[in-house]
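J.: The lines below spell out each chain.
2 protein chains.
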Amino acid sequence: MTRVFVTYRVRCAPSDIAARAQGIAVEQSVEMPLAAVMQPRIGAHIVGRVEDIAAHESGGFAVRVSLAAETLGPEAGQLLNMVFGNTSMHDDVTLEDVELPTEILAAFGGPRHGIEGLRAQCGAGPRALSCTALKPQGQSVEELAALAGRMAAGGLDFIKDDHGIADQAYSPFAERVPAIVKAIAVARRATGIATQYVPSVTGDWERMRAQIALAREEGVKTVMIPPMVVGMPNFHAAVRAFPGMAFLGHPSMTGGARIAPALMFGKLFRLFGVDAPIFVNYGGRFAWPAAMCRRVADAARAPWGPIKPAVPVPAGGMTTERVPEMLDFYGRDTMLLIGGALLLARENVTRATADFVARVRDHVHR
Amino acid sequence: MTRVFVTYRVRCAPSDIAARAQGIAVEQSVEMPLAAVMQPRIGAHIVGRVEDIAAHESGGFAVRVSLAAETLGPEAGQLLNMVFGNTSMHDDVTLEDVELPTEILAAFGGPRHGIEGLRAQCGAGPRALSCTALKPQGQSVEELAALAGRMAAGGLDFIKDDHGIADQAYSPFAERVPAIVKAIAVARRATGIATQYVPSVTGDWERMRAQIALAREEGVKTVMIPPMVVGMPNFHAAVRAFPGMAFLGHPSMTGGARIAPALMFGKLFRLFGVDAPIFVNYGGRFAWPAAMCRRVADAARAPWGPIKPAVPVPAGGMTTERVPEMLDFYGRDTMLLIGGALLLARENVTRATADFVARVRDHVHR
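Chains A and B, in that order, are what the protein sequence lines are. Counting from 1, one number per residue, gives the positions in the first sequence under my numbering. Counting from 1001, one number per residue, gives the positions in the second sequence under my numbering.
For reference, chain A alone in the conformation it holds in the complex (with noise of 0.2 Å):
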């Protein structure tokens, strides 16, 4: 039968590791004791296997565990729910990798669009992307909308709402939306350039499904999600039911430590739909290492099985000097995100935004 095969970091004494091991195999498969199942076709094929146990590169120790495909669904929760559900409760564990067959990887699907469909809704060649974010929230619908206007005269190819933006009285997102794809329409006739406006989505499955509508007409192509807030298997349903949408991934509450970086944004949230992981970049206001951030990016665009590849979106505290810098360490199928170093030239947000364009636009990859 087909198998999944899981990794985990485990950081423990080298004499507990074999009995580590088998527990998390254990946990994440029959969660009881070996002695208790009854079946012999459970203790042969559900329970999970610890296939390799060698030293991690960053310390501790790397377990590889296969499970039963057929426990995971396939459905996305499932899937969270074998491979980590309760040994994420275990301080010293992270997941590292999760490898699955084909028709998994086919049953889920992962971007719809991708970096092509992306660079296709604004007329992009193959450059990298600029993106900024509305901010802050607690502005007025017309506040937002002026704001999305004029930093859109800028000539960005994406203006996506602050991930704190939701449905709050003072911006409702019915109201929101129109203003802000009116405002925009405006800047794009005077720039010639197709600046796309992507919605902070967020809530239960009925109020995203409402709000994914309301968006697509008003002509709305890209929706912003959180899939750790929402749940996977409910950002899942917003891929499925509406395919012509694409979707940018917030990584709010993905926490740091206990899942990798490579494996939520680069294999997760792109298994899931994400067409564009946002995730934090080096040197931000977050302390990741460059080399984690690389291996997000790599990870976002491998080629894997049937699944699209993802355009990585690194962010947290970036400025314009940096654009240079991080187009040659991400290279061009990448989308830049800046947002509070524009706002800071305040009433020149216009000007601030039109020199982070044309940096994007014109850098020159070596």
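Do not take every clue at face value.
Which stretches of chain B does chain A cover? Using the computed rule of at least three CB atoms under 8 Å from a CB of chain A, they are [said to hold, decoys possible]:
1) 1067–1081
2) 1137–1147
3) 1159–1168
4) 1191–1205
If you're looking for bench data, these hints aren't it; they were derived computationally from the structure. Where is the CB? At the ideal position from N, CA and C, for every residue including glycine.
For chain A, the structure is supplied; the task is to place chain B on it using the hints.
T.: Leaving out everything else, chain B in the frame of chain A:
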């Protein structure tokens, strides 16, 4: 304007804590440089405020931040997003507590049933409740139903699915639930005890809704959901849509370290409607100290405005021998969950179950 108070534990150098605290307050509100905030009212009301910095009893600092209540929704996902979303990506920060105004508590509503509702379901007086788990997954519907019947014959209050049991081909939800309900009904007539079957419900919202509706038609009064797998917003949607149903909350994907367990199980699960949060007992196969378990149980049952108490469900490698110790520790407003240890009795599982039930029922609280 109404404020929400959020406490973080930050492990950093004393010389850094003032800046780190201010950074969290900004990150969880406007997420941009304050110099770029143009509207004075946003600076005055929407920007998070550092209210207090103190030494944390377990090391590092306790940072208390206030946020504008209107930024939260109130909506379960947006609440998580605003109190911990991006800050979850700082490895040295844990979320310790959230204090909410009464109107937000009332809007979420908390458990609809609580311990008295669960006791009423199985005709129990003011005593602790007993629960077991059907394991392992991989069994057929017939095998699971037969096992449920043998365990129900021991007189349990609740029999829940193992959390790995979802809607797999080997035991589809729509076939499993009626078969197990029927098997338990036979045992109920023999024991005279109203043993309740608690199916495991997972997936996206439409799948969850269909599963809960099917269970309700079969007479099921309680289901189990892992809120951090399906997403808090969708768990809360289930609570709102099925007010007559009680909910066990499973800890899958809660991680262990970044949201304090007393907050996760005693407040967040409870706020969104979990009647009985399952969590990790001390002395089992997870490494929680007894004091942490005490805090979880205390938080789950503490008076909290209009919110009903929830009944704590310590679990994870428990044995019947420990029942007296656990009931002395947790008191009578508790549900004890023993799974694998009963199954170790194999063909004598009914006798082992009856022994567990008797120890819970007959315990003399000191």
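J.: Against each hint, give a clear statement of whether it holds in the structure.
T.: Hint check results:
1. Requiring three or more residues with a Cβ within less than 8 Å of a Cβ of chain A, the coverage given for the region 1067–1081 of chain B holds, as 10 such residues are present.
2. Here's how the region 1137–1147 of chain B fares: 4 of its residues keep a CB closer than 8 Å to some CB of chain A, so the rule of at least three is met and the hint holds.
3. Figure legend: the region 1159–1168 of chain B, annotated as covered by chain A; annotation consistent (6 residues with Cβ-Cβ distances under 8 Å, at least 3 required).
4. Using a Cβ-Cβ cut-off of 8 Å, 4 residues of the region 1191–1205 of chain B lie near chain A, which meets the minimum of three, so the contact claim holds.
Comparing the model with each numbered hint stated earlier shows that all of them hold.
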